[in-house]
Amino acid sequence: MINDKELFQKGLKDGIAIGISYVPAAMAISIAAVKQNLPFGEWELMSALLYSSSAQAAILNLISNGATAFFIYILTFSIMNFRHVLFSLSLSQKLDSKVGMFSRVLFAPFNTDEIYSIIMQQTGKVRSSYLLGISIVPYIGQIIGITSGFLFTKSLPESLKSAMGITLYAVFLALVVPPMRKSMQVLIAVVLAGVISWALECIPAVKTSLPAGAPMIICTLLTCTLGAIFMPVSSEDEELEEEMKKSNM
Amino acid sequence: MDSRFLLILSLILFGISCLMRIIPLVFCKGKIKSKFLNSFLYYIPFAVMTSIVIPEVFNSTSSVVSAVSGVVLAVILGLLGQNMLVIAFSSTAVVFIIENFILHLFN
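Sequences listed follow chains A and B, in order.
Residues 1 to 249 (this note's numbering) make up the first sequence, in order.
Residues 1001 to 1107 (this note's numbering) make up the second sequence, in order.
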């Protein structure tokens, strides 16, 4: 039986790789935030509270589209983060029965897609000391990325800022494209989502009839519904599950 | 963007985020068996990320030409299995090079 101190250290170590990988993605989002002229303090607070690169990117997308209604933000955010309900659900079975209510409540906000997938790869039940260890470095990495991305971008020349406008999108492409090689279903879903999103935002008659932010929600619901009906994924398909966990932000 | 709007938004979304992550972890013991729901959830990240990228990416830089080049390079590198850091850096670099060196040749 490993003691708590060793478990904590193992968690800390497992968290380092995740933490490092969060820095560039967080920087890229901050660059996009600078582009939207968001104030530093508010952006920092939002990042510290939400701790989700993909959700923050979606929020920036809504801001740039001029969405002002709270419910559009809430709906988008809820749909995007709904997978955490599933993660928490399956995680609840992976935790040791000695992991108490307090530890669970404390850990839950730090449970990201990557942390979740690392925990699920552990053999046997997981204890509190490991959860504490793995939570620390990724969060610090996220904050470092957000802060440096914001401050760094402010002082850059226009030509570089223009080029860095694509960085965030490149990060998303880097998350979406590699799984497409391994799974025909993902490939079809991505192409489908691309076509729907393009149609909703580029056909003038459609675009003007929808409230800001609605295209993303419609595109997501439509793609996922069609995907689930025509290309259901079996939960035994371990490889696909792996790809999905790796590709989440 | 109005900073009060951002503050209130952050707090509301934080509340939702906590509820979604905490409640199932503390109270639920069962596993989701619905194939439809599992598949639906599986496709969410791909659909969301794609809808963020398209069509906004094409207006993300100073010219459509540089943006398209950046996208094409990112997709090729992604298909070759390169990691995120390489893809993000290369794509940004190619946009910078095209905007500052190549496009000037035609103006």
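Note that these hints are calculated values from the structure, not bench results.
These numbers come from a predicted model, not from an experiment.
Mixed in with the good hints, there may be bad ones.
DSSO-like cross-link-like pairs, simulated, lysine-lysine; straight-line CA separation at most 27 Å [as the list claims (entries may be wrong)]:
(1) K10/A / K182/A
(2) K207/A / K1033/B
(3) K1033/B / K154/A
(4) K13/A / K161/A
(5) K154/A / K10/A
(6) K1035/B / K35/A
(7) K94/A / K10/A
(8) K161/A / K35/A
(9) K10/A / K125/A
(10) K5/A / K35/A
(11) K182/A / K1035/B
(12) K5/A / K98/A
(13) K1033/B / K182/A
(14) K5/A / K125/A
(15) K1033/B / K94/A
(16) K94/A / K5/A
(17) K98/A / K1035/B
(18) K182/A / K35/A
(19) K94/A / K13/A
(20) K98/A / K13/A
(21) K182/A / K154/A
Pairwise CB distance ranges (calculated) [to be verified]:
(22) C202/A / I1016/B: 41 to 49 Å
(23) M101/A / S1063/B: 54 to 62 Å
(24) L1085/B / S234/A: 26 to 34 Å
The beta carbon of each residue, even a glycine, is placed where N, CA and C say it ideally should be.
Here's how the hints hold up against the structure:
1. Between the alpha carbons of K10/A and K182/A the distance comes to roughly 31 Å, so the proposed pair goes past 27 Å and is violated.
2. Of the pairs offered as hints, the one joining K207/A and K1033/B is violated, with about 37 Å between alpha carbons and a cut-off of 27 Å exceeded.
3. In summary, the hint linking K1033/B to K154/A is not supported, as the alpha carbons are separated by about 48 Å, beyond the 27 Å threshold.
4. Using a Cα cut-off of 27 Å, the hinted pair K13/A and K161/A is violated, with the two alpha carbons roughly 35 Å apart.
5. Of the supplied pair hints, the one linking K154/A and K10/A is violated, its CA atoms being roughly 38 Å apart against a limit of 27 Å.
6. Of the supplied pair hints, the one linking K1035/B and K35/A is violated, its CA atoms being roughly 41 Å apart against a limit of 27 Å.
7. Restraint check for K94/A and K10/A: satisfied, since their Cα atoms lie roughly 17 Å apart, inside the 27 Å limit.
8. With a C-alpha separation of about 8 Å, the suggested pair K161/A and K35/A falls inside the 27 Å cut-off, and the hint holds.
9. Taken as a hint, the K10/A and K125/A pair is honoured in the structure, with Cα atoms around 14 Å apart against an allowance of 27 Å.
10. Between K5/A and K35/A, the direct Cα distance comes to roughly 44 Å. Violation of the 27 Å bound is thereby established for this hinted pair.
11. Taking the CA atoms of K182/A and K1035/B, the gap is near 21 Å; set against the 27 Å cutoff, the hint holds.
12. The straight-line distance between the Cα atoms of K5/A and K98/A is roughly 16 Å, inside the 27 Å bound, and the hint therefore holds.
13. A distance of roughly 25 Å separates the Cα atoms of K1033/B and K182/A; the hinted pair therefore holds under the 27 Å criterion.
14. The straight-line distance between the Cα atoms of K5/A and K125/A is roughly 16 Å, inside the 27 Å bound, and the hint therefore holds.
15. Only pairs whose Cα atoms come within 27 Å are accepted, and K1033/B paired with K94/A is accepted, the gap being roughly 17 Å.
16. For the hint pairing K94/A with K5/A, the CA-to-CA distance comes to about 20 Å; that is within 27 Å, so the pair holds.
17. Simply put, K98/A and K1035/B have alpha-carbon atoms about 31 Å apart, too far for the 27 Å limit, and the pair is violated.
18. For the suggested pair K182/A and K35/A, the alpha carbons sit about 35 Å apart, so the restraint of at most 27 Å is broken.
19. Taking the CA atoms of K94/A and K13/A, the gap is about 20 Å. The hint holds against a cut of 27 Å.
20. For the suggested pair K98/A and K13/A, the alpha carbons sit about 23 Å apart, so the restraint of at most 27 Å is met.
21. A hinted pair counts as satisfied when its Cα atoms are at most 27 Å apart, and K182/A with K154/A does not qualify at roughly 39 Å.
22. At roughly 31 Å, the beta-carbon separation of C202/A and I1016/B lies outside the given 41 to 49 Å, and the hint is violated.
23. Between M101/A and S1063/B the CB atoms are about 55 Å apart, so this pair conforms to the stated range of 54 to 62 Å.
24. For L1085/B and S234/A, the Cβ-Cβ distance of about 33 Å falls inside the hinted range of 26 to 34 Å, so the restraint holds.
Hints 1, 2, 3, 4, 5, 6, 10, 17, 18, 21, 22, counting from the list given before, are not met by this structure.
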